[in-house]
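Colleague: Heads up: the sequence lines are chains A and B, in that order.
Under our numbering, read the first sequence as residues 1 to 319, first letter to last.
Under our numbering, read the second sequence as residues 320 to 560, first letter to last.
Bear in mind the hints are in silico, worked out from the structure with no lab data behind them.
Errors might be hidden in some of the hints.
Label pairs and their in silico Cβ distance ranges [stated by the list, open to error]:
hint	chain 1	residue 1	chain 2	residue 2	range
1	B	Arg541	A	Gly181	54 to 60 angstroms
2	A	Thr275	B	Ala531	43 to 49 angstroms
3	A	Lys317	B	Leu410	52 to 58 angstroms
Covered stretches of chain A (chain B as the covering partner; in silico rule of three or more C-beta atoms under 8 angstroms from a C-beta of chain B) [stated by the list, open to error]:
hint	stretch
4	83-97
5	205-213
Ideal placement from N, C-alpha and C gives every residue a C-beta, glycine not left out.
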Amino acid sequence: MLIKKAAEIRVSEITPQWLYVNRRRFLTGVLGVTAGALAGRTLKELAWPMQKVQAGSKLNVAQKSAFSTGEAVTPYDNVTHYNNFYEFGTEKEAPAEKAKNFRTSPWSVKVSGLVDKPRTYSVEELMQLAPLEERIYRHRCVEGWSIVVPWVGFSLSVLLKEVAPQAKAKFVAFESFYDLGQMPEARHAGIPLPYVEGLRLDEAMHPLALLCFGMYGQTLPNQDGAPVRMVLPWKYGFKSIKSLVKIKLVEKQPPTTWNLSSPNEYGFYSNVNPTVDHPRWSQAKERRLGEFFRRPTLMFNGYDQVASLYSGMDLRKNF
Amino acid sequence: MVSLKFLEQVVWSADRSAPRDGSVRLKKLLGSKWIKLPVFLLCLGPLGGLAWRAFHHRLTANPIEYLTHQTGDWTLIFIVITLAVTPARKLLRLPELIRFRRMLGLFAFFYGFLHFSMWIGVDKFFDWSDMLHDVRKRPFITVGFTGFVLMLPLALTSTAGWIRRMGGKRWRMLHRLIYVTAAAGVVHYYWLVKSDVRKPLFYGALVGLLFALRLGFWLMSRRRQPTSKAIPPEITTAEMA
Chain A
1 MLIKKAAEIR VSEITPQWLY VNRRRFLTGV LGVTAGALAG RTLKELAWPM QKVQAGSKLN
61 VAQKSAFSTG EAVTPYDNVT HYNNFYEFGT EKEAPAEKAK NFRTSPWSVK VSGLVDKPRT
121 YSVEELMQLA PLEERIYRHR CVEGWSIVVP WVGFSLSVLL KEVAPQAKAK FVAFESFYDL
181 GQMPEARHAG IPLPYVEGLR LDEAMHPLAL LCFGMYGQTL PNQDGAPVRM VLPWKYGFKS
241 IKSLVKIKLV EKQPPTTWNL SSPNEYGFYS NVNPTVDHPR WSQAKERRLG EFFRRPTLMF
301 NGYDQVASLY SGMDLRKNF
Chain B
320 MVSLKFLEQV VWSADRSAPR DGSVRLKKLL GSKWIKLPVF LLCLGPLGGL AWRAFHHRLT
380 ANPIEYLTHQ TGDWTLIFIV ITLAVTPARK LLRLPELIRF RRMLGLFAFF YGFLHFSMWI
440 GVDKFFDWSD MLHDVRKRPF ITVGFTGFVL MLPLALTSTA GWIRRMGGKR WRMLHRLIYV
500 TAAAGVVHYY WLVKSDVRKP LFYGALVGLL FALRLGFWLM SRRRQPTSKA IPPEITTAEM
560 A
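Pulled out of the complex, with its shape left as it was, chain A reads as follows (with noise of 0.2 angstroms):
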């Protein structure tokens, strides 16, 4: 296997265990002595050098995950050059040439909304919320076809711990960076955009819901979704909102881009399921990419543990 070995982080950078451990004390600390003697420095300069978030750069996954799936990894190259990421043209191949010079960094993401603590965290202060997992998921496209990526990330739920929604917060919007400047093919998406996307709220606490900052062990290329994203294993791909920047909580259920373009084709929960054809084309059956022949397509995409969240409704309804 392939991994590019891009900007490498020198050994000085990496936190040593026990300071991770007790950062927060540290920091205090730190911020006690020299509060007063550097008042004009800004404390981000002085706080231990944080990760650098390039594309590319290695990442420090700290554990396996228990949700990984045992089946074999799509090759490095099929998953970075064949994506569907309109606002980079809507050719499979288009993405990986055309965002190239997409600008990841510096980069936010806003939670407001129904919360309690409402924020705008950087990339890089995301990362520092929990430690990163490798998470090996299936991941389904709607079109028909299945990838199996070592996904690096955490919970969506540490992160809505940490802003505490409020009762009234019934669903989780979400939306994708959008700059025609920086995406000159968006034009001919041919779907609304910005990029939203949305969960109940349930299904965004769901420990399999990933906030994801990388893939294979580094950060995430352009073209798969940089520098943040989303995956939902267990729904067809376009839930899994790529390049995140804002996150809200919400009483009522949001709007998502592909139920705004073709509503009778994409619905809100669109769960992997192979009862509920597409209008067009079936779902019973999906070609995992390097493999010849389709093989049958699981009830949401393989992971019953979802199930518990639909039960007692109507799928083919609530598709």
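On the provided structure of chain A, position chain B as indicated by the hints.
Modeller: Showing chain B alone in chain A's frame:
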């Protein structure tokens, strides 16, 4: 031998007393014996391109989808080129172009056959019940399947022998099915695309334009001979050879 012919053509076109027919040299070129071979090879170009890509592993991460898509595109392109022959003959005053119409039409069928084969042989792997289900239930496949099936009789009756056997009038009527195939191809493409409809609309515009031209010619010919019931033959079997 070739260089002598070329010189002859140069001299011919340089001769000021020669009829100012626009492109005399071009007409001689199109009428020459050996021109069909390079055109044939050119038509094989797209297939060659795909073979080159296959050899260099440049068929994207989903080769089956890519090949199905590419062969479909080229089918439509060749249908459009074939439909453009008659308008080109009239507008450019190059009746010699008729010599290529059968070859182009057969290549449209050839790429259509490859596209269809990708679907039954590779995608569905000869799962007949699955295919039949698709043809019945998926409108875009129904329309595509129809478009392809209608090309079969055209391919089979493409020879001069068949024009003689059927008689020019009946042969022409049968081969009007290409209009249905062209429309079916565009609709098939439009119905399978998820959101970016530029390409299907582009082909649709081309097909629409070619239909409009034909309609124009037909109306003009009717005005010229309003009393005659017979449709003047476009081509003779000799020209088709």
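Colleague: Provide an ascending list of the numbers of those earlier hints which the structure does not satisfy.
Modeller: Hint 5 contradicted; others consistent.
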